[in-house]
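> If you want the building blocks of each chain, they are given just below.
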Amino acid sequence: MGGVNCPPGQDSGFKQKELEIYTDLLAKYCENMFGGIAAFYLANASIEKSIQKTSFMQVSVIEMKKAITLLKEAQSSFGSFASYASSKNLDHVDYSVQLENIEETLTLLNECAQEINNIPFSQGQELQNSLWRNSKITIKMIDAAQSIHTLFEWQSQFALSQKSVLQHSN
Amino acid sequence: MQELQEVHSVSVRLTTLRLKNSKHFRPAATGYSKDLDLIKTKVFMEEAEIKCQNSVSAGFIASSASYELKDAQKRAVFEAIERSTLQSWWSMREKWDSKLGTEDTRKTHDEFFNNQDIDLSIGFIKPVSETGYLAIAIIETANTYPYIVAGSSFQLDPLEAANHAAIEAVQSLNASRWIKLNTPMQTVYWDIGELRLRKKALQKIPNIPIKPMRQAEYPIDFISKTYKFETLKIGNKHIAYVYQNADISKKNRTIVKTPFNH
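Chains as they are written, first to last, in the numbering used here: chain D, 1 to 170; chain V, 171 to 432.
Looking at chain V on its own, in the form it has when it is part of the complex:
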């Protein structure tokens, strides 16, 4: 088994691990420090995903690896929904749908950052799947590179989406700093201007308590209509690939890149 390296984390409660001998930051994963085994597993799953990405064909949107086939498929499709939604939200400058309440945001902030001078905002945008919740977390750091970063997550439960998005944002921050220090030629530059505008727009949204938002149904119809799957098994790992369904118009059939998947 390959050796893992702990990356300096901005969060007191979250740990980021990466493969020590990788030339790039990835494969890497971030999670609660108490769930170290889970983080390790995620790193190795991401390693499997990256290894297999050379074999994808046109229409590829996302992939995910897991020990369970169904879990790999679910994760891959959630990733696909996330990427497709973010792509249009970012490039078309679509609006926020709602935001996480002040109290829930404060709790997450206190849990992750303690008393650090870090600003956290979490909002939701309408996912392409029509059901489920897509949360985007924006972290602004005081006076230090990378100044502002974001992370996102699609889940059926709104609070879970918000929590995962915040973890992703922490990974974005940890990754940006690690890359700048260790592979400076690949330094990541977040679109500070645009992210600050998005954050400002989120702050203007009235506070709607999150409690009335219920866990959504699994968007089975949308998935079967929109995507098709391919799966691969390497050792004990299943890798699921999500492709755009051939019936969907050609204009959407590109690998989706957003400022979030550096």
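Excised from the complex, chain D in its bound form:
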């Protein structure tokens, strides 16, 4: 799902060098964000895999940590991008909304990581039963997934916010 980002707009008057900086910063942020989201879903997939056969819970722990690291990086790179884009007087975009979305997601991912660590060592039906008995992890995972959805939603709106993209797609 690459390329979900936004050009600086037809009237930005960017010079080649400025466009390169804009593009690099935006791509780095997107890489971090999508990478972090992918790691979150891999952590989920590893739990499901553990329910089916051998335990992959260790993989789940590792992927969740990776998701947190990458989302933290995404916050940094998005901050750099927002700083650059806003200094260029592009169309007004409230970047703080996405910064807050990332922060909220990070908080929830940290809570998920804690819950995964608390899952008793098991696999197969036994693991599934323990997850059904303690709904905390399910609730935290759903909250995190919904928060990730808001990240996507903001990103999608942003990607379509410039006229040039809309004109191209028509």
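Calculated directly from the structure, the hints in this document are not laboratory data.
Ideal placement from N, C-alpha and C gives every residue a C-beta, glycine not left out.
Hints are supplied without guarantee of correctness; some may be wrong.
[As the list claims (entries may be wrong)] Computed list of lysine-lysine pairs in DSS-like fashion (alpha-carbon distance at most 27 Å, straight line): (1) 350/V <-> 28/D; (2) 369/V <-> 72/D; (3) 28/D <-> 374/V; (4) 66/D <-> 374/V; (5) 72/D <-> 350/V; (6) 350/V <-> 88/D; (7) 72/D <-> 374/V; (8) 66/D <-> 370/V; (9) 193/V <-> 88/D; (10) 65/D <-> 350/V; (11) 350/V <-> 66/D; (12) 88/D <-> 221/V; (13) 395/V <-> 28/D; (14) 88/D <-> 369/V.
[Claimed, not checked] From the structure, some residues in chain V lie toward chain D, with a derived Cβ separation under 7 Å: (15) 202; (16) 203; (17) 312; (18) 313; (19) 315; (20) 355; (21) 361; (22) 362; (23) 364; (24) 366.
[To be verified] Examples of chain D residues toward chain V, derived with CB under 10 Å: (25) 82; (26) 107; (27) 115.
Chain V: place on chain D using the hints.
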């Protein structure tokens, strides 16, 4: 006299005041709450500076206002040194020179932020003036906008520079939040990625106690070689302007903007 407004401050010991009817955050000033009259004076001095900034010409670097001419000149030149140094440190990614010791940083943190979940780092970079100390304070807030901000100050005494830089950083934080709330179209976005990298680099510097650092000599030779002054008197206020000396190469003759002077 115009009415002043107190801005919500992240620090328990510091107060930020601004002119209530200004369309922008500035003019504003931050200082110890016990020195309220001094903060008020600073706001009115900044107001005078802003009013006169339309009349500056090419080569302008910084200005400052004071009731005393000499004080205005000194402040303006310190501001000029600060801006020129920061410009190259930021854009050329220059290294930190040293950092404020853990104990002194902790004292400042406790004094300003009490038990709040706020991270404070203070480091020094080599000023263009070769003497004096330029401190940069970085504040990282837990989980809330603007996440990370910085403030800076050039002084002859290292501890004074560090203290002023921390006060400036608090003002950066208070200002960012005020702007976001009151004039959202002008919301300030700090370069979170780069500032976190700078902070990480500072943390890697070994702890060198600050005590052996002595108060520096006033860099009189550097100032007379590098800058020229213009002064203006409005009512009882002197406003000093610092310009790049005409002999200095043209490449430096631009108004210096850094991520710190939003």
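> Indicate, hint by hint, whether the structure satisfies it.
Hints versus structure:
1. 350/V <-> 28/D: holds, 26 Å
2. 369/V <-> 72/D: OK: residue 369/V and residue 72/D at ~15 Å, within 27 Å.
3. 28/D <-> 374/V: Measuring from Cα to Cα gives roughly 25 Å; hence the hint holds.
4. 66/D <-> 374/V: holds, 24 Å
5. 72/D <-> 350/V: The hint holds at about 22 Å.
6. 350/V <-> 88/D: holds, 18 Å
7. 72/D <-> 374/V: Distance ~20 Å between residue 72/D and residue 374/V Cα, so the pair holds.
8. 66/D <-> 370/V: holds, 20 Å
9. 193/V <-> 88/D: holds, 21 Å
10. 65/D <-> 350/V: Violated. Residue 65/D to residue 350/V sits at ~32 Å, over the 27 Å cutoff.
11. 350/V <-> 66/D: violated, 32 Å
12. 88/D <-> 221/V: holds, 25 Å
13. 395/V <-> 28/D: violated, 44 Å
14. 88/D <-> 369/V: holds, 25 Å
15. 202: violated, 30 Å
16. 203: violated, 28 Å
17. 312: Nearest chain D Cβ about 10 Å off; hint violated.
18. 313: Interface hint status for residue 313/V: holds (5 Å vs cutoff 7 Å).
19. 315: holds, 5 Å
20. 355: holds, 6 Å
21. 361: holds, 4 Å
22. 362: At about 2 Å, which falls below the 7 Å cut-off, the nearest Cβ of chain D leaves the hint on residue 362/V intact, so it holds.
23. 364: holds, 6 Å
24. 366: holds, 5 Å
25. 82: With Cβ-Cβ at 4 Å, under 10 Å, it holds.
26. 107: Given a least distance of 7 Å, the restraint on residue 107/D holds.
27. 115: violated, 19 Å
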